[in-house]
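Protein chains in written order, with the working numbering: chain U, 1 to 243; chain L, 1 to 303.
There's no promise every hint is true.
Every beta carbon over 10 Å from chain L, so not counted as near; a handful from chain U, in silico [claimed, not checked]:
(1) Glu21
(2) Ser24
(3) Ser26
(4) Ala52
(5) Glu67
(6) Arg95
(7) Glu124
(8) Lys148
(9) Phe150
(10) Pro151
(11) Asp152
(12) Arg202
(13) Ser218
(14) Arg228
(15) Ser233
As a list, the in silico DSS-like pairs of lysine-lysine whose alpha-carbon atoms are at most 27 Å apart [said to hold, decoys possible]:
(16) U:Lys128 to L:Lys12
(17) U:Lys128 to L:Lys16
(18) U:Lys146 to L:Lys16
Partner residues are not named here, just some residues of chain L that face chain U (Cβ under 10 Å, in silico) [said to hold, decoys possible]:
(19) Thr6
(20) Tyr9
(21) Glu203
(22) Arg300
The hints are simulated quantities; they were obtained by calculation from the structure and are not laboratory data. We put the beta carbon where it would ideally sit given N, CA and C, even for glycine.
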Amino acid sequence: MAYDVEKDAGRKIDAPVIMFENVSKSYQKNMPALKNVSFEIRKGEFVFIVGASGSGKSTLIKLITREIKANKGKVFINGRDIGRLFRGKIARYRRGIGVVFQDFRLLPDLNVYENVAFAQRVIEAPAKEIPNRVAKALAIVGLSDKQKSFPDQLSGGEQQRVAVARALINNPTLLLADEPTGNLDPSNTREIMKLLEEVNRRGTTVVVVTHNREMVNSMQKRVIKMDRGQIVSDASKGGYRYV
Amino acid sequence: MFKITTLGYNLKQGIKTLFKSKGYSLAAVATMTACIFMFGIFYFVITNLQNMMENAEKTVGITVFFNDNLTYDRIVEIGDEIKSDVRVLKIEYKSAEETWAEYKEKYLSPELAETFGNDNPLENSASYTVYTTNVDYQSSVTAAIRNIEGVRQVNSAESLTETLQSINRGVTYVSFALILLLLAIATFLISITISMGVSAHREEISIMKLIGATDYFVRGPYIVEGLFIGVIGSIIPIVLLRLSYDKLTQVITERFSSSFEMLTFLPASTLFKALIPLSLLIGIGISFLGSYLTLNRELRRID
Chain U
1 MAYDVEKDAG
11 RKIDAPVIMF
21 ENVSKSYQKN
31 MPALKNVSFE
41 IRKGEFVFIV
51 GASGSGKSTL
61 IKLITREIKA
71 NKGKVFINGR
81 DIGRLFRGKI
91 ARYRRGIGVV
101 FQDFRLLPDL
111 NVYENVAFAQ
121 RVIEAPAKEI
131 PNRVAKALAI
141 VGLSDKQKSF
151 PDQLSGGEQQ
161 RVAVARALIN
171 NPTLLLADEP
181 TGNLDPSNTR
191 EIMKLLEEVN
201 RRGTTVVVVT
211 HNREMVNSMQ
221 KRVIKMDRGQ
231 IVSDASKGGY
241 RYV
Chain L
1 MFKITTLGYN
11 LKQGIKTLFK
21 SKGYSLAAVA
31 TMTACIFMFG
41 IFYFVITNLQ
51 NMMENAEKTV
61 GITVFFNDNL
71 TYDRIVEIGD
81 EIKSDVRVLK
91 IEYKSAEETW
101 AEYKEKYLSP
111 ELAETFGNDN
121 PLENSASYTV
131 YTTNVDYQSS
141 VTAAIRNIEG
151 VRQVNSAESL
161 TETLQSINRG
171 VTYVSFALIL
181 LLLAIATFLI
191 SITISMGVSA
201 HREEISIMKL
211 IGATDYFVRG
221 PYIVEGLFIG
231 VIGSIIPIVL
241 LRLSYDKLTQ
251 VITERFSSSF
261 EMLTFLPAST
271 LFKALIPLSL
281 LIGIGISFLG
291 SYLTLNRELR
301 RID
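Bound-form chain U, shown alone:
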């Protein structure tokens, strides 16, 4: 059974899925990665977070997945201040978030089916329900016929689809994609973005971190632009232009 973030947060239906309140984070003294960042992302939104390398995008994602903690300010996910999560509760919290990475991060020794099923094993889902759920997730990403293939037998686009299926199988309320098309050609990029739009249409909030201008400009979604650890613009149906 997937972790119900909203239930855990006390059913704060109106609360934003993501809310940053004056968040700052430094890895080294006097070198802030994030400076006093505040923003909200509501349920069902599709948001791009853009910016050059070192602008603070990855730090933002790591704060949401609770790989790191803010030095100042608060991060609320579905109404819950995740800075106050006990270490033992982090794993269960993460089950409500699907994550997709630029380098796919599939387990090379497992085939497509096993990679997706692995996400279910990890949350100790009932064994007899796993095959059915994996089949559904693979159908959504269009890889039902590649179940037995291993990652090194797949194209980059196909590997990213497997990663999306793995991120979706636990029914997350939030899908984070960190440069999901960074290693893909334009055709595969379009396919993956279509897939993420489909996931968003099904009700999942989607946050995509990228610096692919063409893709951002073509999709006309909300765009939060970051520069040197700060939000410099936040526009619905925005674009990503050279300054």
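With the hints as your guide, set chain L onto chain U.
Here is chain L on its own, set in the frame of chain U:
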């Protein structure tokens, strides 16, 4: 709480990891084998030495002599009084005649003995030999017997028993120190093995944690791997020790029993009844502790 499927997964993954990192696993099994083997050797030495000491202590008695012309009835009364002490295991009476006969046989030539005719120069040498339940009671029992009326002299071998006791203590302390040292080394090496295993799977573990795996779930296969190392590393030395014990004791007995009277060995069945569960417990305990503590430390680094 683990589900049955998770337990099955952990077992499968644990065995897989064991074979995947063959080099580390072999090194850890070899270390554990060496440590348990050494432990077994020390266990043999301590247990057999203690047994020999106990046997030797049992032969060390207190000799009690009586006043001149004491009646036999009074001697019996003294014997009853000594026997009533709970610290006394048994007493043996030796009459003056028996003492003289023994002396003649041991120290005099038949010709010289004959010159004494029916005279008994040791006629006041009837005695009791008193054995205590524990060699530690020798001095207090000796003092108590000295206070009994009719007792002329009490001889105890306190210096001999003290020597035996100090040898026994020394061997025990040194062996325990060495065993502790070996166990610490084994724990350290198991910890290194598991650390290397975790480093090799750092990427996999970070993925597991990002998709919501609890530390218990991540730890499972490594704990299983550690337990396998512990079990295999305990069984091998037990088998080796069992195969060599009889041969070894036989060789030592043949070579040295003429020089050391008290050289006797416990039967293998007695020793291994305790050594087998003890070795398994130590092997499994060390590998569990080593892997658990290491994983706790390593998993905190991969958040």
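Cross-check of the supplied hints:
For glutamate 21 of chain U, the condition that its CB be more than 10 Å from all CB atoms of chain L holds, with the nearest at approximately 22 Å. Against chain L, the non-interface label of serine 24 of chain U holds: every CB pair exceeds 10 Å, the least being about 20 Å. Chain L leaves serine 26 of chain U outside its interface by the beta-carbon criterion, the shortest separation being 18 Å against a cut-off of 10 Å. With a least beta-carbon separation of about 25 Å from chain L, alanine 52 of chain U lies farther than 10 Å from that chain, consistent with its non-interface assignment.
Not every CB of chain L lies more than 10 Å from the CB of glutamate 67 of chain U, the least distance being 6 Å, so the non-interface label is violated. The claim that arginine 95 of chain U lies off the interface is violated: its Cβ sits roughly 4 Å from the closest Cβ of chain L, which falls inside the 10 Å cut-off. The claim that glutamate 124 of chain U lies off the interface is violated: its Cβ sits roughly 5 Å from the closest Cβ of chain L, which falls inside the 10 Å cut-off. Chain L leaves lysine 148 of chain U outside its interface by the beta-carbon criterion, the shortest separation being 19 Å against a cut-off of 10 Å.
No Cβ of chain L comes within 10 Å of the Cβ of phenylalanine 150 of chain U; the nearest lies about 15 Å off, and the non-interface call holds. Against chain L, the non-interface label of proline 151 of chain U holds: every CB pair exceeds 10 Å, the least being about 12 Å. The Cβ of aspartate 152 of chain U lies farther than 10 Å from every Cβ of chain L, with a closest approach of about 15 Å, so its non-interface assignment holds. Against the 10 Å criterion, arginine 202 of chain U stays outside the reach of chain L, whose nearest CB is about 19 Å from its own CB.
Residue-level check passed: serine 218 of chain U sits 29 Å from the nearest beta carbon of chain L, beyond 10 Å. The non-interface label for arginine 228 of chain U is consistent with chain L: the shortest C-beta to C-beta separation is roughly 26 Å, beyond 10 Å. The beta carbon of serine 233 of chain U is kept farther than 10 Å from every beta carbon of chain L, the shortest such distance being approximately 29 Å. A C-alpha spacing of about 18 Å is found between lysine 128 of chain U and lysine 12 of chain L, which places the hinted pair at or below 27 Å, so the restraint holds.
The suggested pairing of lysine 128 of chain U with lysine 16 of chain L holds, with an alpha-carbon distance near 23 Å, which does not exceed 27 Å. Proposed proximity of lysine 146 of chain U and lysine 16 of chain L is supported: the alpha carbons are some 25 Å apart, at most 27 Å. At about 6 Å, the closest approach between the beta carbon of threonine 6 of chain L and any beta carbon in chain U falls short of 10 Å, and the interface hint on this residue holds. Look at tyrosine 9 of chain L: its Cβ gets to within about 6 Å of chain U, closer than 10 Å, so that hint holds up.
A cut of 10 Å between beta carbons decides the hint on glutamate 203 of chain L: the least distance to chain U is about 7 Å, and the hint holds. Hint status for arginine 300 of chain L: holds, given a least beta-carbon distance of 8 Å to chain U, under 10 Å.
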